[in-house]
Each structure stands twice: as C-alpha cells, then as structure tokens.
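Colleague: Listed here are the chains, written in short residue letters.
Protein chains: 4
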Amino acid sequence: MASKLITIVAGVGPGTGAAVAKKFAASYPVVLLARNPDSFESLAEDINKSGGKAIGISTDIADSNSVKAAFGKIEKEFGSGVGAAAAVFNASGKFVRKPFLELTEDDFAAGLDVSGKGAFLFSQATLPLLLKGVDAGSRYPPSLIFTGATASIKGSAMMSSFASGKFALRALSQSLAREFGPKGVHVSHAIIDGVIDIPRTKGWLKDAGPDAKISADGIADTYWHLHIQPRTTFTWEVDIRPYVEKW
Amino acid sequence: MASKLITIVAGVGPGTGAAVAKKFAASYPVVLLARNPDSFESLAEDINKSGGKAIGISTDIADSNSVKAAFGKIEKEFGSGVGAAAAVFNASGKFVRKPFLELTEDDFAAGLDVSGKGAFLFSQATLPLLLKGVDAGSRYPPSLIFTGATASIKGSAMMSSFASGKFALRALSQSLAREFGPKGVHVSHAIIDGVIDIPRTKGWLKDAGPDAKISADGIADTYWHLHIQPRTTFTWEVDIRPYVEKW
Amino acid sequence: MASKLITIVAGVGPGTGAAVAKKFAASYPVVLLARNPDSFESLAEDINKSGGKAIGISTDIADSNSVKAAFGKIEKEFGSGVGAAAAVFNASGKFVRKPFLELTEDDFAAGLDVSGKGAFLFSQATLPLLLKGVDAGSRYPPSLIFTGATASIKGSAMMSSFASGKFALRALSQSLAREFGPKGVHVSHAIIDGVIDIPRTKGWLKDAGPDAKISADGIADTYWHLHIQPRTTFTWEVDIRPYVEKW
Amino acid sequence: MASKLITIVAGVGPGTGAAVAKKFAASYPVVLLARNPDSFESLAEDINKSGGKAIGISTDIADSNSVKAAFGKIEKEFGSGVGAAAAVFNASGKFVRKPFLELTEDDFAAGLDVSGKGAFLFSQATLPLLLKGVDAGSRYPPSLIFTGATASIKGSAMMSSFASGKFALRALSQSLAREFGPKGVHVSHAIIDGVIDIPRTKGWLKDAGPDAKISADGIADTYWHLHIQPRTTFTWEVDIRPYVEKW
Chain G
0 MASKLITIVA
10 GVGPGTGAAV
20 AKKFAASYPV
30 VLLARNPDSF
40 ESLAEDINKS
50 GGKAIGISTD
60 IADSNSVKAA
70 FGKIEKEFGS
80 GVGAAAAVFN
90 ASGKFVRKPF
100 LELTEDDFAA
110 GLDVSGKGAF
120 LFSQATLPLL
130 LKGVDAGSRY
140 PPSLIFTGAT
150 ASIKGSAMMS
160 SFASGKFALR
170 ALSQSLAREF
180 GPKGVHVSHA
190 IIDGVIDIPR
200 TKGWLKDAGP
210 DAKISADGIA
220 DTYWHLHIQP
230 RTTFTWEVDI
240 RPYVEKW
Chain X
0 MASKLITIVA
10 GVGPGTGAAV
20 AKKFAASYPV
30 VLLARNPDSF
40 ESLAEDINKS
50 GGKAIGISTD
60 IADSNSVKAA
70 FGKIEKEFGS
80 GVGAAAAVFN
90 ASGKFVRKPF
100 LELTEDDFAA
110 GLDVSGKGAF
120 LFSQATLPLL
130 LKGVDAGSRY
140 PPSLIFTGAT
150 ASIKGSAMMS
160 SFASGKFALR
170 ALSQSLAREF
180 GPKGVHVSHA
190 IIDGVIDIPR
200 TKGWLKDAGP
210 DAKISADGIA
220 DTYWHLHIQP
230 RTTFTWEVDI
240 RPYVEKW
Chain P
0 MASKLITIVA
10 GVGPGTGAAV
20 AKKFAASYPV
30 VLLARNPDSF
40 ESLAEDINKS
50 GGKAIGISTD
60 IADSNSVKAA
70 FGKIEKEFGS
80 GVGAAAAVFN
90 ASGKFVRKPF
100 LELTEDDFAA
110 GLDVSGKGAF
120 LFSQATLPLL
130 LKGVDAGSRY
140 PPSLIFTGAT
150 ASIKGSAMMS
160 SFASGKFALR
170 ALSQSLAREF
180 GPKGVHVSHA
190 IIDGVIDIPR
200 TKGWLKDAGP
210 DAKISADGIA
220 DTYWHLHIQP
230 RTTFTWEVDI
240 RPYVEKW
Chain V
0 MASKLITIVA
10 GVGPGTGAAV
20 AKKFAASYPV
30 VLLARNPDSF
40 ESLAEDINKS
50 GGKAIGISTD
60 IADSNSVKAA
70 FGKIEKEFGS
80 GVGAAAAVFN
90 ASGKFVRKPF
100 LELTEDDFAA
110 GLDVSGKGAF
120 LFSQATLPLL
130 LKGVDAGSRY
140 PPSLIFTGAT
150 ASIKGSAMMS
160 SFASGKFALR
170 ALSQSLAREF
180 GPKGVHVSHA
190 IIDGVIDIPR
200 TKGWLKDAGP
210 DAKISADGIA
220 DTYWHLHIQP
230 RTTFTWEVDI
240 RPYVEKW
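Protein chains in written order, with numbering that gives the first Met the number 0: chain G, 0 to 246; chain X, 0 to 246; chain P, 0 to 246; chain V, 0 to 246.
Where hints are given, some of them may not hold.
[Unchecked claim] Simulated restraints on C-beta separations:
#1 P:Asn35 to X:Arg199: 57 to 65 Å
#2 V:Asp206 to G:Lys182: 51 to 59 Å
#3 G:Gly50 to X:Lys75: 35 to 43 Å
[Unchecked claim] From chain X, some residues computed to sit far from chain G (all C-beta separations above 10 Å):
#4 Glu40
#5 Asn64
#6 Arg96
#7 Asp105
No lab work stands behind these hints: they were computed from the structure. Here the structure is a predicted model, which means the values were calculated and not measured. Built from N, CA and C at the ideal position, the CB exists for glycine as well.
Just chain G, with the same shape it has in the complex (with noise of 0.2 Å):
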C-alpha cells in the first residue's frame, strides 16, 4: 500500500536538507538522520506541528553500526515491511581547504569516510526500501538523490579531500543509476555549484547583489521535481547555480 512508503533525508541541518525533508513532509512521512540531534529536533517538531510527520535518529552515516541501528529503529517506527518512496543522502564530510603538503591523514579522510563509505552505507540501506516502494506501486518512482558540488567535477588546488569525495559520491551515484533505473528506482546527482544561503552564509557574496546565494527550497523544488519524473524520463544529474555565480 502505497501510503505506508517513507522519505530518509541523511544530513539535515538548516539548508538543503532541512528543505528537502519539509518539501518531502507534504507527501510523506520523513525520517531526518543527522549526527547530532541538535541539527534534526527543531526541524522534526515544525513538521510534526503543521501536520506532517517527522522522525529523527542520532546517526554517524559513516559508521556501519550506526547506520545499522538507525534502520532498526525505522523498521521499528514504520513496520519491518516499510518501503520507502525517496531517499536523500545530503551529508558532506569537514570541508577541508589547505595545502595539500598540510593535510593529515584524517583531513583527507574527512571527504572519503562520508562521501565514499557513508554513501554507500546509506545507499546499502535505502535501496532495499526503495525497492519494496516499487512493488509497493509507487504514486511516483522510488528515488534516491545524491547531493553533489562543484568539487564532484572540478578538483581545486588544496580541495583534494572535499574533491575526492564528491567524484566518488558521482560514481556511485551514477552506478547506482545504471544498476537500479532498469529496476525502477530513479537515482539521481544534484551538482549544486555556489553558496546556499543559510545562517552559516549569511553577508557572504554581499557585493553580488540580491538573490546571488541559492535557495535550499529552490532544490528542494527541484528534487521534487526529480521525484516526481515518470520513469520514461529519469534525469541522472542537474546542476544547479544561481543567476549571477560565474562558471
């Protein structure tokens, strides 16, 4: 039964994924993983408020035990056959941007172990779920979306850690797409390339002008519309910038 499929939003925090997780709400009931619960609790009770549900749970998405228990504790929520209609990984490593000669093994590291091995533990599973959505009849097909950078094309000098990641991030990305789409779940890449405008940004790019940042529910909006695509029309990646960013 359709109605019972579920979103997982990995990497929630006051911009893309606190929007996608509220763009998500309207339609389904919304798991929010985060490290800390800090990054989830407010999130969680304004959508519980406004008539949605949200769950969160503590997880290290790095962390195969973590992940684990996460999955335990959503099979425990929703039902040990719950499928799910979409599946957000948004989480990013430490951003790490020094010269390379500096890096200490667990600076490099920071990319990789959420890019690479949190990713493919997510991935591990969602897709199960999202599987169980498609025999489950999905309004839509099951989703899987992937959160990129400029980084997951371009390899900056002293970006080597954050670049790492992100590249490995598009492979299984586009991996996941090749192996899952003929199976009915639409995995997808966002590159998004510019600031996101949240707290953390806030008088940043002030010379630009207005509107210069991008609007978490701008991609939110876009997910949504991945989410949404028949799949006679799956798009594997998009980018995103805003008007004025220059590339």
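Since chain G is already given, all that's left is putting chains X, P and V on it; use the hints.
Modeller: Just chains X, P and V now, with coordinates in the frame of chain G:
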C-alpha cells in the same frame, strides 16, 4: 505587464515540440515555428480550441530572412513591444548516419545548419524578447531552452554530422547561459538520451518492455520545471532517458 | 612502400602549424596548406634548405573547390597513389569575442566554417590518403590530429562563435576516431589550453614569469608522440597547458 | 645534482608497473613498491643486471606506517636529501564487480583504500622529493603520474567500488596538478581504457584480432613522453586504448 509575455517554440512536430507547446500554452500564448505548416496546423488548432492561443509560422530556422520574417509576424501579431517568457529550440536538422567517406557536403552541413546557424538565429531573435520579459517582471525567469541528444556529448562512429551540430548547440547554450544568466534569462540545455515515443517510433524497442521510450510529455514537464526555477536556482543542463536505457 | 608517405598540415603560420611541419618534415615530405602564401613560403624554404621537402599550397580550407584543387596538386606532385603518414588540422577561423547580440551572421559563422566545414573537407580529403598509408605499411599508424582549444570543452560568455566551432571539431574528431581507429588510422584531438608563444603574443602574460606561454615546439613534440604510438596504445585526447596556467 | 634523482613506482607487477619501471630505469635509479615481494623481485633483478639500478620495498600503500617505513628505507638507500624525477602511482585495489546489494563493506572499501587513501599517502610521500627534484634542476620537470581506467570517468553498473576509487583518484590528481604545476611538478592522469596485454589476460579478446590489447610498453612510452614535456607544455590527462576498442 507580464500577461503579454509569449512562448516561442522552434521545431514543433509530433513529439517534444508539440508537447512543450501544449504545456506552455496553459500559461502563455505560443508561437509555433516549423518549416512545414503540416507540423503545426492541427497543433495550433488543438491549442486554440482548448482555450489557449497559438499561431503557427512557417519558418526555415537556418535562413536569416525567413527568421526575420517570422519575428516580423510575431511583432505584428503581439505588438512591437512584446516580450517572451520562454523560447524553446527543438529543431534538428536531417539525421544522417553513414560512413564518413560517403557523406556529401550537404549531408555534413545538415547538422550544423540547423543546430549551429539555426540555433544562432533563433537565439538572436528571441533573446531581445526574453530580456523584455525580464524587464516586464515575468513571473518566472524568462527561459531559453535547447534540446540536445546523446550526440551532444558523444561523437559516435558514422554520426559526425549530427554530433557536430549537437556539440555546437551545447557550446552555444553554455556560452549564452554564462552571458545571459546574470541578465536574468535562464538558459538551459537538455540531453535527450533515448528514443522518444512518437508515431514514427511506434514498434521500436518492442523487446525492451513497457515505458522503454521517452515520453514527450515527460520532457515538457521537465522543461516547465526548468522554466519555473527561481533565479537563485538555475539549472543549465539536465539529462533525460528511459529507466531501461543502457548508457 | 612507406618511403612515399607524406604529411599534410592545414593551418600553418608562425605557431603550432609551423612547428608541427618542421617536426614531421624530419621524417616525411610535408604539404603546407594556408589561405595566404605568406604563411608558408618562408617555412617551406626553411624546410627545403635544411634537407627536408615541403611544398605550400594556397588553400581556403572551408571551400570545397579550393580543397579539391589543393589535393589535385598533391597528387600531381607526389603521384596519384600517394599515401599519408599524418595529417594535422590546425586551422582556426577568425577569433570573435563580443556580446552575443552584436554578432553578425558572418561573425558566428566564422567558427563553424573553418572548424566545422573546413575540418570536414580536410578529413574527407586526407582519410583516403591515410588509409593508403595503412595499406602501404606505414611505420607508425597514420595519424589525423586536430588542434582544439580551451573552447573545445568550455563555452564561455561572448565566445559562442569560437566555442561552437571548437565543440563541433571535437565531435568530428571523436566520431572519426571511433570509425577509423579500427581501420588503423589514429585520430587524436589536442586541447591547447593557454596562450601559445608566437610573435603575435609577445609581451602577453608578462607578469606570469618565464615559460608562462605554451611552446609551439612542445606541442609539435606531443603531436609526434601521438603519431608514433602503436595501434595497441592509441590516445584520442590530450590537453596541454603551461605549468602556471589557471584552469 | 640531478644525477641523484630517482623514480618511485607504486604498484609494480607484470603489466604497466614493470614496463614503466624498466623505461624509467634507463635514466634513473628506480624504487619498486608492491605489497608482495614476488611482484618486484625478478623485475629488480632484471633491471640491476642490465645496467640499471632498482630496489624493491614491500609496502602496503594504503597503510601510513608501511608507507612511512618504505620512504625511510628510500632515504637510507639514497640519502636523506634525495630528490625524485618521477613518481608513478599504478596501484589498484582489489577489482570487485558484483551486484551492489551483495557488496560487503570491505568490497566497497577496496577501491577507496588504494585509489583514495593509498594515492594520498603516496602523493604526500613523493611530492617533497619531487619538489627537491625541481630545486635540484631536474633535466625534465619532476612528474607525478597516476594510472586511471575506464572507470575513472564512467560509473558502470556493479562497479561502484572500483569506480568510486578511480573517480577519487582522478579528483586527487587534478587537484594536485593545479596546486603543484605552478611549483614545477608535472602531475598527470592516464585513462587506460581497455585490457592490458599481460600474462593474466592471455587468451582474452581472442576474436578481436591482433593488437586488441593495450601494450604495457606502449603505456610506459606515453608516461615517459609526459615526463619529458617541458613546463611550457604540460599535459594533465591522456586516454589510451587499443585501436579496435569500442568506446
């Protein structure tokens, strides 16, 4: 006044062009350009009957005089100050697939005439109208959308004519996105990677099961989504293929 | 008999074309094509004086009659059964950089005429000779090499003419690589990403320190390396830039 | 004094690594790194017998202590001030090709451990030596070359482990090219797109005719060409495939 804004579609026929025209006709008067009136007559009739407004103009998009005449008619019909909310370039030259050494000069030119020169002429004619759309306070950022193909990013054997044209079109669209984005015009490029489900392709891909061809309406929905993206959140490129496509 | 094989270079001038011609002239008689005899006269003289053999033929590479006449002269000079060991397309149309709406139809056509039609005509004329080179047991796989630019993979603002041409050229080269590789002809595309050190660019990039411009001889050495790659080990695309280039 | 400069190759075995080591051994003492001494013992012997100098060091390239120990041995052997003329990263993790949902965490990590972390450790260990090579006036710009694969730019179904690693490696190489190019170190990435002709692939591609596999010596020749490019003319990326390859 935004209500005056129009949409112009070059390359209407039984597939993408017609679907896009119908989709945008729900919000704007549409102008249908095609070389052969057969391509737009019944479509214009359908739109006009169902409460929209459409006019068709027989145009050779690769001929500057023909394009000039067409836009003269548009001004005559909608007023000399008319602005555009959207312009969609969906024309394709003759599709030629043959051994390179058997190509005539005209065969090779077929790709570049329409996808190169034709797209140039269409862009030069529509951008002033789209900029007027910006000035007129268009509800959604005026959009210039180009239809690409697999051959936009892959030059296959025996496909040099088509691929040269489609690569050139992609270059044009990217250059325009960078120049006109900051002026408020949203320029996009869609890579249509598969067979579109139209009368001409009936019976194709029979063994691939249902929904193995791209829905023209699905493409139109994605073009409309590109159109309604706010200027904080512009997509330049999107790919579209059926879920079973090998890529 | 491999000794008869020649090299044909289109677009000789004081930079890449001349350097390539000299490099290949150490092994093959070379034919120099340029519109203006000033571009090849002293170069041919230099090569002929230093023990090589070169002839120049005034050719408008975008004009089929001119190209036909040029290859008629080649047959007259080298015999009607002459084969080629290498052909290098180094011609570029007029470089136009201006606001899109200020481009004339001729401005826009400048890119596609040479990089599209010109490259097509050159390829159709040289491939039969290169195939003869294969049959003649050329020591190295006969090579067809195209000179690209930054604009081959990036459509910058105000560069739609040049970029459209260079994208089209890249498509052509890839299509030919796929069709003629299996026939033994090695087709390559070089992305020259920077300013070449020629008389015209003297004084450019003064603040970037020594060696900030690309050496035309360096390009020629890489083209020669592409030429001598065995058929087990073909490179289609290579990028070249100075060590200090921002990219 | 340039004569002291060495070459370090990670990932020697019967294919590319050995061919590269032999090629560079004609000009430099070479250090051979591989996990298993079987991979370098006879190769080192061959090089030492034929007038070159080679030492093998058993190294787990994805383990920082092992890498540290290896470079300690290099200093002990060649002196603490030793510089490098070239470093080649040719290691690959276990190749895993299976349905995504059957991958173990270790399967997936196999790609990123070597191509991500291993390449990072190798780069951090070799770049200081390569910079010393610049200071020492190396005849050719010190070179850091990475071996990629088809999976560096294409994430195929069931290949997420290998592709994630190879995409990450490509990101690292591009980031390093941009950071260390201006310091005089030439960083390159080679996309090896086909089956290499080694004992393990004997009998593969039988129906494709002769020369259907990539020659490891051909790869080594191209790596050497990358090495001798002057700093005016740096190539970052090159692709290599057999002439009959479908791509």
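Colleague: Take the hints in turn and mark each one as holding or not.
Modeller: Going down the list of hints, with the structure as the test:
no. : hint                             : in the structure
1   : P:Asn35 to X:Arg199: 57 to 65 Å  : 48 Å, violated
2   : V:Asp206 to G:Lys182: 51 to 59 Å : 32 Å, violated
3   : G:Gly50 to X:Lys75: 35 to 43 Å   : 52 Å, violated
4   : Glu40                            : 27 Å, holds
5   : Asn64                            : 34 Å, holds
6   : Arg96                            : 24 Å, holds
7   : Asp105                           : 34 Å, holds
Comparing the model with each earlier hint shows violations of hints 1, 2, 3; every other hint is respected.
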